[in-house]
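Enquirer: Sequences listed follow chains A and B, in order.
Residue numbers for the first sequence follow this note's numbering, beginning at 1 and rising by one.
Residue numbers for the second sequence follow this note's numbering, beginning at 298 and rising by one.
Treat the hints with care, as some may be off.
Simulated pairs of lysine-lysine, DSSO-like, Cα-Cα distance not exceeding 27 angstroms [what the hints assert, rightly or not]: (1) Lys213/A <-> Lys415/B; (2) Lys119/A <-> Lys415/B; (3) Lys382/B <-> Lys206/A; (4) Lys265/A <-> Lys412/B; (5) Lys129/A <-> Lys163/A; (6) Lys412/B <-> Lys382/B.
Reference listing, derived: stretches of chain B covered by chain A, where coverage requires no fewer than 3 residues with Cβ under 8 angstroms from a Cβ of chain A [unchecked claim]: (7) 320–326; (8) 337–344; (9) 448–459; (10) 472–482; (11) 493–501; (12) 564–574.
Derived by calculation from the structure, the hints in this document are not laboratory data.
Glycine included, every Cβ here is placed at the ideal spot set by N, Cα and C.
Listed here are the chains, written in short residue letters.
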Amino acid sequence: MKEIVVISGKGGTGKTSVMGSFSYLGKSDLVIADCDVDAADLHMLLGPDYQRSEDYYSGELAILDQDKCINCGACLSVCQFDGIQSENGTFRIEAMNCEGCGYCQRVCPTNAIQMETQKVGEWYTSSSKVGSTMVHAKLGVGAENSGRLVAQVKNEARRHAKKEGKEIILIDGSPGIGCAVNSALSGADYVVFVTEPSVSGIHDLKRVTELVKGFSIRSGCIINKCDLNSQMLDELITFMADAGIEHIASIPYDETFTAAMLEGKTLVEYDKGPASQVLIKSWEKIKQFAETEGCLK
Amino acid sequence: MKIAIASGKGGTGKTTLATSLSSHLSETQDVVLVDLDVEEPNSRLFIRGDQTHSQSICKQVPEWTGDCSLCGQCQEICNFNAVIKVGTQIMLFPELCHSCRACSELCPESALPLKPRKIGMLNQIQAGNLIFVESRLEIGEQQAVPLISQTKDYIDNHFDESYIIIYDSPPGTSCPVIEASKDADFVILVTEPTPFGLYDLKLAVEVMRKMKKDFGVVVNRDGLGNNDVLDYCDMETIPVLARISNDRRIAELYAAGELIFSTIPEFKEQLLLLERSLELSTVVDPV
């Protein structure tokens, strides 16, 4: 079983659109995991049926029982997060600031503080319109610990791949280099970067490449909007060669991606234009690369 | 006045707007632009100036002295799995630590003293009249929030209320976004008129309402996609502060790391519109 993760560093490079097309091309040969749980968009292209839904609990929140509170302020003195607020000598929890560390509960002399586990999202197992199983999630607003939800989504995807005898798990990762991306990369066999030839695209690719190196995962890159700036394109290609990132393909700027999105379709099902042709070839290459053993130097 | 520029979806034009708006405002006022997108800080690529200050940002994490009775209370205390007792060792996972200090301060044998761990760098740059501050998360560090929080502390300690402070926030709707916008007086949500843009805008609106923030929307790449974003804002009575047209010249300038506001008149017009609706303008409109 191979895990292929699609990430971008920078947001808005077309990662989810590309991911949607690969899901369509891979059809029922794969299991799809949408690990971009904080603003997940892939479901809009793949029409999942939300067969099974599970609540996701993570982290705790301090709850203060005013009847037991003697207003001693012990909680306030230990909290590092401005999670305890005092007004006119009485105390309350500022839920937005509480990190759920539980220090206040431990020092409260009257047991007035209880820690409660919070439901911070949901995750789903679906059958997607392309025929494959899709595991995806919705993280509640302002929730933390998205890395753990990503791990949960991936584990469920692995379970299904094993059960259904599927060779590939295709994973949509999130932007950035933080906990969600770390979690998406752990255990991956191949990384597909989707980037653009802009100063930001290159800057962010460099940072995320550094992260991927730490995981020793091989990688390739799709350059989207490749005709944006030829100088940046040269710089990007040079960087990729130096970093040992395979150049999978380049796609010129194409508003057909948006036209397809408006109809809730992936590009390759929407039309057979030049960008679709590039994506079809790219998917074949990626499947080959993923099969090749070895680590990124 | 603190203004946060945020978006649910990544790549909608937060940095383009933040750098242009702050450069434009700095021509007449004292402005500090702060890049709080610490995982992928991009504003600096558009700001030309001299670095005037640089410092490491650390968080406090426990370090095991190696000398204790292995009672295991620290493991039981830690809600983040950052302290684990394995055999005759206390193992620490500093990238998971939230620096709550509980394990250290409650250890009966004082075997877990706190030590600083570098999580990022803060840099300050002077670009004409614009002051720019950014923080960059160390690769491999998983938590953006402590770095964002300390960067805001730095701003509060160095710049008083006479400055207009503009935060370039991280994308998404989870904890880093909350941290970046929670003390802002106003939040600008940048979106694009596509189904992804709309879906993620709705999530961002939910966050802002939960935080009881004043906010408005800037539609970028106006003309691409459809009218659903405008219809949604209309229905929800969310002010649309500006509409930046879908213009390839903007994308090309952005790609090259150029500031857009001085080059493209239509973009400048939208900035002036935004400036007026935020009541930041020092110029009185002729009646």
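Enquirer: What hints, given by number in increasing order, does this structure fail?
Expert: Checked against the structure, the hints that fail are numbers 2, 3, 4, 7, 9, 12, while the rest are satisfied.
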